[in-house]
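Chemist: The chain contents come next:
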Amino acid sequence: MKKALALVMSSALTFSLLTACGNKTEQNASESGGKVKIEFFHYKPEARGTFDKLIEKFEKENPNIDVVNANPPDAGTVLKTRAAKRDMPDIVGVGADTTFAELAKAGMFEDVTKAPELNNIQPSYIQMVKDVSGLEQVYAIPYAANADAVIYNKAIFKELGLSVPKTWDEFIAAAEKIKAAGKTPFYFTFKDAWTTLPAYNALAANTQGETFFQDLNKGKTSFEKGYKEATEKFVELLKYGHKDQFGKGYADGNVAFAKGESAMYLQGIWAIPEIKKANPNIELGVFPYPVTNNPEQTKLVSGVDLLFAISKTSKHPKEAKKFIDFLLKEENAKAYMAEQNALSAIKGLTQEDPMLEGLKESFAKGALVDFPDHYIPPSINLANLLQQLTHDQDVEKFLKTMDAEWEKVKERK
Amino acid sequence: MTVPAVVLFAVFHTFPALQGIFYSFTNWDGLSLTYDFVGLKNYYYLFRDENVWHSYLFTFQFAIVSTVLVNVLSLAIVIGLNEKIKFKNFFRAVYFLPNVLSVLIVGYIFNYLFANVLPLWGEKLGIEALSTNILGSEKWAWVGIVIVAVWQACALNTILYLAGLQTVPSELYEASSLDGASKWQNFRHITFPMIAPFFTINMVLAMKNFLMVFDQVVALTGGGPGRATESISLLIYNGGFQGGEFAYQSANSVIYFIVIMAVSILQIKFLQKREVDM
Numbered sequence: 156m157k158k159a160l161a162l163v164m165s166s167a168l169t170f171s172l173l174t175a176c177g178n179k180t181e182q183n184a185s186e187s188g189g190k191v192k193i194e195f196f197h198y199k200p201e202a203r204g205t206f207d208k209l210i211e212k213f214e215k216e217n218p219n220i221d222v223v224n225a226n227p228p229d230a231g232t233v234l235k236t237r238a239a240k241r242d243m244p245d246i247v248g249v250g251a252d253t254t255f256a257e258l259a260k261a262g263m264f265e266d267v268t269k270a271p272e273l274n275n276i277q278p279s280y281i282q283m284v285k286d287v288s289g290l291e292q293v294y295a296i297p298y299a300a301n302a303d304a305v306i307y308n309k310a311i312f313k314e315l316g317l318s319v320p321k322t323w324d325e326f327i328a329a330a331e332k333i334k335a336a337g338k339t340p341f342y343f344t345f346k347d348a349w350t351t352l353p354a355y356n357a358l359a360a361n362t363q364g365e366t367f368f369q370d371l372n373k374g375k376t377s378f379e380k381g382y383k384e385a386t387e388k389f390v391e392l393l394k395y396g397h398k399d400q401f402g403k404g405y406a407d408g409n410v411a412f413a414k415g416e417s418a419m420y421l422q423g424i425w426a427i428p429e430i431k432k433a434n435p436n437i438e439l440g441v442f443p444y445p446v447t448n449n450p451e452q453t454k455l456v457s458g459v460d461l462l463f464a465i466s467k468t469s470k471h472p473k474e475a476k477k478f479i480d481f482l483l484k485e486e487n488a489k490a491y492m493a494e495q496n497a498l499s500a501i502k503g504l505t506q507e508d509p510m511l512e513g514l515k516e517s518f519a520k521g522a523l524v525d526f527p528d529h530y531i532p533p534s535i536n537l538a539n540l541l542q543q544l545t546h547d548q549d550v551e552k553f554l555k556t557m558d559a560e561w562e563k564v565k566e567r568k
Numbered sequence: 009m010t011v012p013a014v015v016l017f018a019v020f021h022t023f024p025a026l027q028g029i030f031y032s033f034t035n036w037d038g039l040s041l042t043y044d045f046v047g048l049k050n051y052y053y054l055f056r057d058e059n060v061w062h063s064y065l066f067t068f069q070f071a072i073v074s075t076v077l078v079n080v081l082s083l084a085i086v087i088g089l090n091e092k093i094k095f096k097n098f099f100r101a102v103y104f105l106p107n108v109l110s111v112l113i114v115g116y117i118f119n120y121l122f123a124n125v126l127p128l129w130g131e132k133l134g135i136e137a138l139s140t141n142i143l144g145s146e147k148w149a150w151v152g153i154v155i156v157a158v159w160q161a162c163a164l165n166t167i168l169y170l171a172g173l174q175t176v177p178s179e180l181y182e183a184s185s186l187d188g189a190s191k192w193q194n195f196r197h198i199t200f201p202m203i204a205p206f207f208t209i210n211m212v213l214a215m216k217n218f219l220m221v222f223d224q225v226v227a228l229t230g231g232g233p234g235r236a237t238e239s240i241s242l243l244i245y246n247g248g249f250q251g252g253e254f255a256y257q258s259a260n261s262v263i264y265f266i267v268i269m270a271v272s273i274l275q276i277k278f279l280q281k282r283e284v285d286m
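Protein sequence lines correspond, in order, to chains L and C.
Residue 156 is where the first sequence starts when you use our numbering, and the numbers rise one by one after that.
Residue 9 is where the second sequence starts when you use our numbering, and the numbers rise one by one after that.
In short, the hints are calculated from the structure, not lab data.
Quick caveat: nothing in here was measured; it's all calculated off a predicted structure.
Please note that the accuracy of each hint is not assured.
DEER-style ranges, computed between Cβ atoms [what the hints assert, rightly or not]:
hint	chain 1	residue 1	chain 2	residue 2	range
1	L	309	C	105	25 to 35 Å
2	C	22	L	558	22 to 32 Å
3	C	148	L	559	50 to 60 Å
4	L	207	C	105	32 to 42 Å
5	C	27	L	207	57 to 67 Å
6	C	167	L	380	42 to 52 Å
Quick list of in silico lysine-lysine cross-link-like pairs, DSSO-like style, CA-CA up to 27 Å [unchecked claim]:
hint	chain 1	residue 1	chain 2	residue 2
7	L	394	C	191
8	C	147	L	398
9	L	394	L	414
10	L	199	L	432
To give a feel for the contact side, a few chain L residues facing chain C, derived at Cβ under 7 Å [said to hold, decoys possible]:
hint	residue
11	230
12	240
13	257
14	346
15	397
16	399
17	534
18	548
Where a beta carbon is used, it is the ideal one built from N, C-alpha and C, also for glycine.
Throw the hints in and build the complete structure from the sequences for me.
Modeler: So this is what it looks like as structure tokens:
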């Protein structure tokens with residue numbers, strides 16, 4: 156009995172040792188076989204199938220390269236722990252968010268500032284990649300973008316004789332009218348804290364001013380000054396919800412909106428595929444959040460939803476670049492945009508889906524602005540603070556907490 | 009036999025723990041190649057961080073209520089299961105079932121109940137408090153978590169109490185029945201004192217487990233609404249891994265470790281004294 160246990164223990168140890176160096180042996184084997192293995196790590200589970208198809212096509216064209224489609228759950232955290240272990244995948248596909256910013260700052264990615272591929276990308280998205288990391292160099296190639304816009308039910312709008320609101324006053328008036336007709340203007344899903352962010356991002360981006368975060372870092376302004384209008388407007392929107400708005404989550408909201416339980420849905424276009432899944436026949440449209448009373452000034456919040464970065468420690472940067480170039484090719488990018496309902500960061504590639512008609516103008520004008528929450532450190536936990544705000548609706552307290560948390564995180568650095 | 013065990017324990021437990029203590033004196037964000045030593049700075053800021061205080065408050069409130077509830081409930085279940093009832097073994101299996109299920113699955117099932125089924129009943133019965141999802145309420149979300157956690161934890165504690173009951177000699181009950189003792193007197197003067205060591209171990213285990221509550225919170229509320237149900241483990245996980253404050257939350261976990269150890273030792277000391285007194 157004792158012997159058997161010892162055997163199990165020691166074999167468990169050897170096994171763990173073996174798996175620890177498994178990566179290396181695997182790589183050597185693949186190289187000696189004439190095949191190069193590169194790992195493509197991305198955070199989009201919904202795009203897994205699309206990438207599978209593209210990878211298959213790529214491997215046919217390049218029989219000596221084997222691309223692994225790695226897409227674990229909770230990819231951001233997995234990526235960070237792998238970075239801490241210095242075991243980065245060859246290609247990283249994430250959004251221009253704090254995960255990307257931290258990794259770029261930590262020097263994990265190759266500098267692509269001078270890459271010719273960037274000539275073909277919308278400059279505003281390249282700027283966003285720079286801004287979010289706070290660095291002079293560009294460390295990733297933007298690929299797809301999303302848009303933070305109000306989704307509305309065309310059938311209900313027609314029934315009540317409403318047109319798409321262009322100003323804040325029209326927006327509130329439309330909500331009033333829907334409420335008066337006994338319907339729900341907005342379906343809120345505050346049980347999931349993050350669902351407060353789409354609306355708040357749009358409000359803040361349009362009212363905070365151009366240089367808010369630069370000024371904040373210099374100590375010239377505060378959330379109490381710069382975010383007051385956005386927060387007050389956010390609280391005003393809360394009047395037009397439904398009864399159990401604290402108890403419903405994102406998934407509930409998608410289904411409820413699809414079933415016509417509310418006229419508008421304060422989300423981004425990423426929710427559309429889920430809504431369509433729940434009701435393929437729904438007639439929906441989107442429009443940018445009309446935050447101010449000057450429609451000329453309205454900016455659409457649109458961020459880089461997917462970018463490609465090559466890790467500095469990659470053993471096969473050439474092959475990795477080849478794969479990225481392949482994805483950037485017009486036909487392949489088009490296939491991705493069509494299947495994922497996404498907007499392209501590539502110049503001249505427009506999303507032709509009639510559902511997204513309402514956003515065309517903003518894109519044509521270039522009236523785009525990045526998500527403000529990407530500039531707020533995650534340890535502040537903006538989403539949960541906003542969730543708190545939906546409960547007590549105390550604007551003053553919220554702004555004070557934001558300032559206090561910002562200070563605290565800065566101090567601890 | 010002991011050597012591999014010691015090696016395994018050291019590699020997977022002692023070494024990472026020491027590493028955590030080491031990082032708590034640095035300013036490492038969990039990613040960068042470099043870090044500096046900052047001494048006790050992290051600890052200093054920890055004590056000034058009201059989010060930390062708040063999560064301790066929530067966690068202790070939750071743990072105390074749940075520990076008491078779990079022990080009362082599993083004692084009651086065990087007394088019932090020890091009676092001469094039909095399908096005794098079947099019921100024993102049923103009560104153990106929650107322990108077999110994964111916490112996340114249980115969490116999602118209850119999530120559905122709280123979000124859809126309970127409000128429907130509340131509406132029908134005209135109970136205002138139940139007509140909305142309690143997990144979305146700042147005041148009551150913690151009760152939802154207590155319900156799920158207790159429901160699941162009862163299984164293990166029940167099994168331990170059942171084992172304890174087997175150690176009580178039946179002559180004692182025979183003697184007491186001759187004296188005409190009631191059921192309550194039986195429990196008060198025989199059963200409970202006789203299973204005192206099991207009571208101790210159950211209290212300590214339950215308290216320790218509930219102080220470390222994590223998955224139930226993730227599955228049910230994600231720490232919300234606001235920060236109302238943010239437990240210490242969740243704060244450490246969120247701040248350390250997603251918030252980029254690895255060293256700071258390492259300091260938090262060092263303190264957390266000391267606190268849990270202190271609570272467990274105090275409990276054992278206090279409860280064991282009670283055992284001797286009997």
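Chemist: Against which earlier hints does the structure fall short, listed by number upward?
Modeler: 1, 2, 3, 5, 6, 7, 11, 12, 15 and 18
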